[in-house]
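K.L.:
Chains as they are written, first to last, in our numbering: chain A, 38 to 378; chain B, 4 to 513.
The hints are simulated quantities; they were obtained by calculation from the structure and are not laboratory data.
Do not take every clue at face value.
Said to hold, decoys possible - A short list of chain A residues far from chain B (calculated; beta carbon distances all over 10 Å): (1) Ala58; (2) Val61; (3) Ile66; (4) Ala69; (5) Arg75; (6) Ala78; (7) Thr140; (8) Leu144; (9) Leu210; (10) Arg226; (11) Asn234; (12) Gly237; (13) Val301; (14) Asn357.
Unchecked claim - Once the Cα atoms are required to be at most 27 Å apart in a straight line, the calculated DSSO-like pairs of lysine-lysine come out as: (15) B:Lys143 <-> B:Lys183; (16) B:Lys195 <-> B:Lys120; (17) B:Lys33 <-> A:Lys223; (18) B:Lys240 <-> B:Lys195; (19) B:Lys195 <-> B:Lys183; (20) A:Lys154 <-> B:Lys195; (21) B:Lys143 <-> A:Lys223; (22) B:Lys33 <-> B:Lys143; (23) B:Lys33 <-> B:Lys60.
Positions of the beta carbon are idealized from the N, C-alpha and C atoms, including for glycine.
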Amino acid sequence: MNAVKKVLKAREMTALLFLAALFVVVGIINPAFLADSRNVANCFNDSVVYILIAVAMAFAIFIGEIDVSVGSNLGLVAAVVGTMLQDGKNWFLAFFIGILMGTVVGLINGWGVAVMKIPSLIFTLGTNGILRGLMYLQVGTKQVTDLPIAFKGASSYALFGLPLTVCFFCVLLAAAAIHGVLTRTKRGRYFIAVGDNAGGAELVGIPATRTKVLAYVICGMLCAVAGILFASRAGQVTSQSGNGYEMKAVAACVLGGISLSGGVGSVVGAGVGAVIMASISALLVFMGFSSNFDSAITGVILITIVVVDALVQRRAAVRNRHARLAARTNAPAGGKEAAEQ
Amino acid sequence: MEANQNAGNSVPLLSVRGIYKSFGLNAVLKGIDLDVMPGEVLALIGGNGAGKSTLMKIIMGIYSHDKGHMSMNGGAVALNRPSDALARGIYMVPQEPLLFPNMNVEENITIGFDRGKAELHRELVDTMAEIGWNLDLSRKASSLSIAEQQLVEILRGILRHARLLILDEPTSALTFDEVKSLFRVVRDLREKGIGIIYITHRLAEVFDIATHVAIMRDGTITIQGPVAGFTREDLVKGLLPPDAEGSVQVRKAGEPSVDYAADPVLELDGFSGYGFSDVSLKVWPGEILGVAGVVGAGRTEMATTIFGMDKVLGGRVLLNGRDITGKRTRQVIAAGLNYVPEDRHLNGLFKICDVAANTTSASLFGGALGKVLLNRRAEYDITEKYVKNFRTKVTGHDQLTGSLSGGNQQKIVIGRSLATNPGIVILDEPTRGIDAAARGDVYSIIHQLREQGLSILLISSDMEELVELADRVVTMYQGRINAEFQKEDINQDNLTAAAFGIVEQEAKGA
Chain A
38 MNAVKKVLKA
48 REMTALLFLA
58 ALFVVVGIIN
68 PAFLADSRNV
78 ANCFNDSVVY
88 ILIAVAMAFA
98 IFIGEIDVSV
108 GSNLGLVAAV
118 VGTMLQDGKN
128 WFLAFFIGIL
138 MGTVVGLING
148 WGVAVMKIPS
158 LIFTLGTNGI
168 LRGLMYLQVG
178 TKQVTDLPIA
188 FKGASSYALF
198 GLPLTVCFFC
208 VLLAAAAIHG
218 VLTRTKRGRY
228 FIAVGDNAGG
238 AELVGIPATR
248 TKVLAYVICG
258 MLCAVAGILF
268 ASRAGQVTSQ
278 SGNGYEMKAV
288 AACVLGGISL
298 SGGVGSVVGA
308 GVGAVIMASI
318 SALLVFMGFS
328 SNFDSAITGV
338 ILITIVVVDA
348 LVQRRAAVRN
358 RHARLAARTN
368 APAGGKEAAE
378 Q
Chain B
4 MEANQNAGNS
14 VPLLSVRGIY
24 KSFGLNAVLK
34 GIDLDVMPGE
44 VLALIGGNGA
54 GKSTLMKIIM
64 GIYSHDKGHM
74 SMNGGAVALN
84 RPSDALARGI
94 YMVPQEPLLF
104 PNMNVEENIT
114 IGFDRGKAEL
124 HRELVDTMAE
134 IGWNLDLSRK
144 ASSLSIAEQQ
154 LVEILRGILR
164 HARLLILDEP
174 TSALTFDEVK
184 SLFRVVRDLR
194 EKGIGIIYIT
204 HRLAEVFDIA
214 THVAIMRDGT
224 ITIQGPVAGF
234 TREDLVKGLL
244 PPDAEGSVQV
254 RKAGEPSVDY
264 AADPVLELDG
274 FSGYGFSDVS
284 LKVWPGEILG
294 VAGVVGAGRT
304 EMATTIFGMD
314 KVLGGRVLLN
324 GRDITGKRTR
334 QVIAAGLNYV
344 PEDRHLNGLF
354 KICDVAANTT
364 SASLFGGALG
374 KVLLNRRAEY
384 DITEKYVKNF
394 RTKVTGHDQL
404 TGSLSGGNQQ
414 KIVIGRSLAT
424 NPGIVILDEP
434 TRGIDAAARG
444 DVYSIIHQLR
454 EQGLSILLIS
464 SDMEELVELA
474 DRVVTMYQGR
484 INAEFQKEDI
494 NQDNLTAAAF
504 GIVEQEAKGA
């Protein structure tokens, strides 16, 4: 069993090695980067929002679908929670409402994709538009900037003078817990199973539709939490907040070894991918480039991995089909019938 | 969950009574009665579209039935979803195993259980030791052969304490040795008192493995009983429509006869590819050559490989004496061969385009429709010609093809391939899933084409159709041509027997 676990981990290991190599290369180009441990730590601290949103996206991708509304979902929750805090409302009430909103968005996405069977890209593109529109109405041209100091400071709080924040450890713990549930529990395996082979899942008694809806609900809920963290870390929310995060999240997932066709990968991989995604703009600056390259580079990474993945899968599919067809003809064509009589 | 051995011997494990099922206007099951006793292997045979799969899906709770009832061990049961059927100990091993390719063997077997992991693991290891299977539980399912995948599926069923196992054409993708080991397992299971429904296309297997046999034809069961009471001839008769004897020699005289002294239009010489092997045949000008066989015999694969859609593994294809082996689809069309696929929806039609666009879509490469801009006039003329000739019922050339009936869609697809002016057309199951009236129209189109001197390679699982249309028929069985029938020998009896693999003795003697 141990050998198997190692093989299974290989996909995430690749991403982890890539991350380490990235840091080393940047350190060689600009020694100042590795000279101060806080630079590396900041990459991790900045990644909390990305990790949550990548894990959220991972749920949608596990079941073989996608959710392009994660960025707007995050943004809208950040705006609503931010506004409430700015107005001096109770924190927990604000958090509760924010998470409830994200969950409802997830439920709607799940209904559209799993129950109504609308292609997930299209349906969530629609919700994305609605959420972004609601955000314009909520935030308008003004920004949510006057957030309580304590709220802004909460996500940067660190214990014992560690360079890494408490917030980062919490997110790490949450991701590990989700990973445990997905891999160690019976129901947790359902998500992967449905994405791996929906028809087969139905046949062994797994409720495929319900599992898909649940995946979207969890996705929406995690987006909401990411939204609250976003408001705290950024300290402000504009009508553009969260824009483009969906691509970062998808890129993080595929970088972490999750297959876009569903059924393969882990949230650990998504988390590692998210750290890479979060680090790109900082690393660009250290290498002397403008951080404006960030989005383009993310796109290049995404397409490269997805194309390679698609080629590998297509070859495997053709090979399997040919093996199956070959097995039919290899059966002895004559003589068998007569011999048996 | 009772132990499976204790089921009484006189009470059927599963009893199905008066099951009816229709999809729209299409009645698929017309009153099915079926019993399976514990320790019985019931071979279920039937042609394509006989309703076997539908019946199994009803038993598995995937489809609901319109009328009738089912009982297990004497008590009425409602099987509304797969989990109901699973809970009652029914497990189906589908024809194409539905494993989770990215999970390992153990995960594949144990997923969906409510029992503890350690307990399951122990039981799994014990079960495998008991039946003598050796399968590495940590292997990924995507690395398994089809036979191994089937073993995994069967293990799933055993671990679920299945009392009724449905095997849907389990041998269709297995090699000879794998078939032998599967049969051993089936016998083991039978001795344990498990009831098995064994769906197959191979009559020889019935006598090998089954204790009982049931034949389905056209939504009804025509023959049912212990295997010992039947001969192969009885079974073949059960597969034929009741009036088959009468139709043996009803072929019309007076059709233009084929000139077999001329050079063949199409010649396959030792042609091999994925799914078929060493196929040699010739089609003469103005001839309709039927290709009979059951699904999975390799006929469609042969056609698509000729048409440049899959890799050639050996042999040659000559079209009018020119070698077109392994050419691309575009070049094959240009050389004068066209193919009308079996599945109009998947490979044939552009459903959300209009009738005109569909009819002329295969002609876009030539100059017939203008060099750069579309020549609307030419498009109109071509479309009008085929709509009129084929009596296709359309509201206008701008009607969306997806909104037409199946028969009319089929006419459009045939029209499209003819619009490229081929010398030979391969028609793959041209009347599958269309109603009787449209079928008549398609037949008269085929006759018409033949009179115009076009050669046709007609792939069909409908023996009546071949009797009606073909000048000569070859049958394919497990990827090879196993028999050829001249016009006077074409009858449903001969074709059905050969398609189900019973040919060696008779054909050689004839």
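K.L.:
Each hint: holds or not?
P.N.:
Do the hints match the structure? See the list:
no. : hint                  : verdict
1   : Ala58                 : holds (27 Å)
2   : Val61                 : holds (32 Å)
3   : Ile66                 : holds (38 Å)
4   : Ala69                 : holds (43 Å)
5   : Arg75                 : holds (40 Å)
6   : Ala78                 : holds (35 Å)
7   : Thr140                : holds (27 Å)
8   : Leu144                : holds (23 Å)
9   : Leu210                : holds (24 Å)
10  : Arg226                : violated (6 Å)
11  : Asn234                : violated (5 Å)
12  : Gly237                : violated (3 Å)
13  : Val301                : violated (5 Å)
14  : Asn357                : violated (8 Å)
15  : B:Lys143 <-> B:Lys183 : holds (25 Å)
16  : B:Lys195 <-> B:Lys120 : holds (25 Å)
17  : B:Lys33 <-> A:Lys223  : violated (41 Å)
18  : B:Lys240 <-> B:Lys195 : violated (33 Å)
19  : B:Lys195 <-> B:Lys183 : holds (19 Å)
20  : A:Lys154 <-> B:Lys195 : violated (43 Å)
21  : B:Lys143 <-> A:Lys223 : holds (19 Å)
22  : B:Lys33 <-> B:Lys143  : violated (42 Å)
23  : B:Lys33 <-> B:Lys60   : holds (15 Å)
In terms of the numbered hints stated before, the structure departs from hints 10, 11, 12, 13, 14, 17, 18, 20 and 22, listed from lowest to highest.
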